[in-house]
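K.L.:
Put the two chains together into one complex; each comes in its own frame, and the hints tell you how they fit.
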Amino acid sequence: MIAQPERKIALWHLGVAYTAFLIGTLMGVLQVFIRNDALQLPAWLDYYQILTAHGVLLALIYTTFFIFAFFITGMSKSLGSFGPKVRLFSWIGLWVTLLGTVMATVMIVAGEASVLYTFYAPLKANGFYYVGLALVIVGTWISSFALVGHYMVWRRNNKGQLSPLFAFMTVTTIILWIIACLGVVATVLFQYIPWAFGWTDTINVELSRSLFWYFGHPLVYFWLLPAYIAWYTIVPKLLGVKVFSDSLARLAFVLFILFSIPVGFHHQLTEPGISNFWKFLQVVLTFMVIVPSLMTAFSMFATFEISGRQKGGTGLFGWFKKLPWRDVRFTSIFIAMAFFIPGGAGGIINASFQLNEVVHNTLWIVGHFHITVGTPVAMTFMGLTFWLIPYLTGRRFTKRMQRLGFVQIITWSIGMLLMSTAQHVLGLMGAPRRTAYSGYNDHPSAMEWFDGIISNHVTMAIGGTILFLSAMILMYIVIMTMFVSPKAETPEQMVEFPLAESDMSHTPKWLENWWIWIGIAAALIIIAYAIPLTHMIQHAPPGSKGFITW
Amino acid sequence: MHFHKYEKIWLSFGIVSLIVFLSVVGVSAFSQNHTPSGGMDTIDPEKVNETAPFDNPGVTQLDEDTYQVAIVALAFGYNAPDLRVPAGKEIIFKVTSTDVVHSFTIDNTKVNMMVVPGRVTTKSYTFDEPGKYLILCNEYCGTGHHMMSAEIEVY
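Protein chains in written order, with my numbering: chain A, 131 to 680; chain B, 7 to 161.
You can trust all of the hints, since none of them are fake.
Residues from chain A that keep clear of chain B, each with C-beta distances beyond 12 Å, as calculated:
id: 1; residue: 153
id: 2; residue: 222
id: 3; residue: 233
id: 4; residue: 236
id: 5; residue: 275
id: 6; residue: 284
id: 7; residue: 308
id: 8; residue: 472
id: 9; residue: 536
id: 10; residue: 586
id: 11; residue: 588
id: 12; residue: 622
id: 13; residue: 629
Which chain B residues face chain A? A few, computed with CB under 8 Å, are given here:
id: 14; residue: 21
id: 15; residue: 44
id: 16; residue: 151
When the alpha-carbon atoms are kept at most 30 Å apart in a straight line, the in silico DSBU-like pairs for lysine-lysine are as follows:
id: 17; chain 1: B; residue 1: 11; chain 2: A; residue 2: 372
id: 18; chain 1: A; residue 1: 451; chain 2: B; residue 2: 11
id: 19; chain 1: B; residue 1: 14; chain 2: A; residue 2: 372
id: 20; chain 1: A; residue 1: 451; chain 2: B; residue 2: 14
The hints are simulated quantities; they were obtained by calculation from the structure and are not laboratory data.
Glycine included, every Cβ here is placed at the ideal spot set by N, Cα and C.
Only chain B is shown next, with the shape it has when bound in the complex (with noise of 0.2 Å):
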């Protein structure tokens, strides 16, 4: 099979930058925890209310420079009362469905997860910014999909 020089040229180039692309994305996804979220954790969607940490939604400290936050997904809102977060600090964010696929997504951040029923969701985040954050829910869930949203303070 004969490869034209200039095809040889171009493809190398092509080929050494996705090298270099993969290579970036993944010593950063690796050696530098930048993982999207995720996580192996599973519940049962019908006891999700009895079950820990969802029993208890909302915002919880779990040392002094970690908070964890549980929040249930549900159409069309989500149960996560009184969300205020510290500025600075490392938030764990946990969520899980009741019922359909939601996500659990807050503008102007990287916090942008899918919430599946019978999984739990887990992303760590921290905030920079103090303010009031939007949380919505981007993935198709019924009839009041573009409804379905919240808010967390950031101090």
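With the rest of the complex left out, here is chain A (with noise of 0.2 Å):
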């Protein structure tokens, strides 16, 4: 077990990101049913702070605290107890991280922030939104720079050796973390703040939304390399089996701080200010990712084989079924990667160029990210919580809470699999993304759209509401391995932290060459973003004064 106050502070950081899960998943359940018309909100509370608060509560802060709490366990875990500088750190990283998110809610709360999680310009919300907002960042930076911290003193003291694969992946996570957050600094710092408060008249619109999604994209690996942790190194250990390959797995992280950052104009192919050539050529970029991903499918069914084989599977397919089914910890992340084989392929169609404005801004890209961000990463992430929860407590784990498991992940599937394909149909027809209920004045399409067996509101409604379910199921489990359930005294009744050998003989050193990764990603962002920002910048047009429509 890990030092007493590494397990404070990741405790902290996993109720702050529960509690967050907790709200943000009320709003969900109350959007699917003002869409279906059956819910008329208080007059005090509209839909697009519902909507607001939805998506910043669950894709922003729940997946950043649990992100952390994940990271300061496992790295103490891999390379000892930490310091009391880093200790330290960890503690003011958490506490700004909170305050931020405490103000930028508020704001939403007060109705002074309904300009979503994209906050695009020159909808202008209070200036404390984006302070709350910048807060977050840097909070999250303090953090970062702990563990960076804690990583950095291990290598002094093993001089010449290669680090353990959970350290090397989380310091691979929060490098890209660091580049990423640059673009969306930059505005917030330089264009938000100064023009929310009234220091400067107008903002450059074009360039502020350019550089939010310089952020955008790579913050969806943001959220996804943890999973892929879990993935390389957790999953291997729950099937008894060691790491398929250590530096393969070193060379996809890498080759996510590459190829994940010069990317960001795939969000923006249907926006003018932005050439046709400068677009496809962070299209080509986009795909590149693809190749890490499809390295980690390979490792995964690698693993997989490998141990059911060892465990008496035989024939094409026998080893299958020697899988660990009965243990929720691998079923759930099991569940997690089949919902990303459909879930990259959309993202495959998205950022297709031309095909994107079949898509573009519709319920299909809502139904995407629920199927990548909504399952793939956040099932994961449910299924560490299972354990990383009362291996923090020292609490057991017991049968009755491994059913309601079960009960918790199969309810998220069937309730995901229901809202996202009724999101994917009706996002083919040609229903808008984040919009209240409307019929547009009971317009023969708009009418259509909803008359499917599928793309209907009462599919959407369900899945929504077994979704929400599941997410109370969680929440029971999460209070219960956190305050309630009773004290493991044996050694078979601890719950340990699954944490699978790596050989790394003939892995090569140059692959924790830091400095080698951070120039070629900085050659290919200034490759991708130099050229078009500077135009964007020097013919500007006049600037846009701030609006509130709402």
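P.N.:
Printed below as a string of structure tokens:
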């Protein structure tokens, strides 16, 4: 078990994460019923406030706090206990991030920031909303530097050695996160905050959008990589085998540093101000990121087959039956991976340049991110939660909780399948995203969208309701394992941190030379962004003043 | 670094597929002009109503086979009077905004344009089927976002 101070820091992160999860999922279920015209909100609350809160609390806050809880625990486990400075800065990071979260949430609830989590200018929220978001980023940077500091101490004490796989992957994710945040920090600090407080009159809208998406796409890899860490380092242990290939796992991760950042224009394919050449160049770079994902898929199935065969599985697919399906820690992550197959394929469609016109800003996109971040990432986090909390609290993960865990992941899968399929189909028919209930004055085409067997408001509402029930079961498991379940007394009752062995003897040393990867990443970013961003600044139209349209 | 033989096959297959996908997309985009909406023209967002072509929004016939449609998007509607265009002719849509970001999206077509203040978005499209098409805004623009719509008639 890791040292008590780190357990406390990690548990606080989990507490904040699951508070955000509780409120965020409640906002989610309200939305499906408003869109269904079954629910009228009171006058002081509107649909777009709820939508903003749902996006911010689940996509930004739940994920970020969970990720740091996982990193702090795993770094202490694989590199040893934190020193006093690392502990101090981990706490400061937590409090700064939390302060920013509370500030942004208060602004949303007060109706001062119904600008959604993308906060596109020239919608102008209260300046403190942007300050809150900036503090969230600054807080994560402080926590990140604490972990990097811990890693550097280990490197100094273990000269010439490769770091353990978990630590390597954590540092990769943190490097990715810090480079990605530069874009959003630049736009919030130099564009939004001076403009929102009235120090400048106007804002360069297209530049702010481009800097946001410079951050916005690697953000999704910041969610995905911790899930991949679990797939690479936790799953093999649950299967009783080693990591399939240490060097390929590391190679896949550094490829993410290179190819997940210079790709933001694929979110801006249908807008003016960026020429087709630069849009297409970033489409090509976007596709490169598929390579490390294919490597990950191969490693996973190789791990499954090796494990299944060791347990006596024979024939072409006999090993499949030998996988530990009764272990909720494994089954949850397996389902998460299965959802990522259509999720990833949908992503290829979205990024395919002109094909994007068919789906851009339709409900298809909403369906897409519910089967990427909403299930592969979120359900991996759920699968980790089942053992992470009892591991940190020293409580038992009882048989009853394990059964409830199965109910939870199965209901989540069914709910998500119904809801996201409805959303994908509705989006292909043309139904827009981010809208409250609307029949567009009963226009016949709008009526047609919702007439199908799958594509109707009822399917989405049933899916959403099942998801909410599943979320509440998870909250019950979280509260029980955090505060109520009996303490583990014998070694068999203790919950372990299942960290697989990884054979590093054939791993080349240059994989851990970070300056190579940061250097290539910087070069790619300059190639992809320098000219179009300079053009946006030098040939900018007169800027926009702010608008409050809610 | 050791790659398993099957992994080499798997990755080669994946990378070749990527090259094929990107070639199809690229050839279709740059040799057949199937590019998404866009354009590099700028405009003063405060002077839209005095700037051509938005000083006279609506349909203008440019030549025998080409029509231009100028539209001003604003919260929460479109300033686009009398939208009637023929089927089978090239229609060039030009859209801008006087306030926040909107979209100009025509249901059942590939017209799906982001509208950014200070910029003019352009898209060329040819309707095959006559009928009345729903126009809507699919980028969040405020309280009335889900009411923001219009109609175009194709004859």
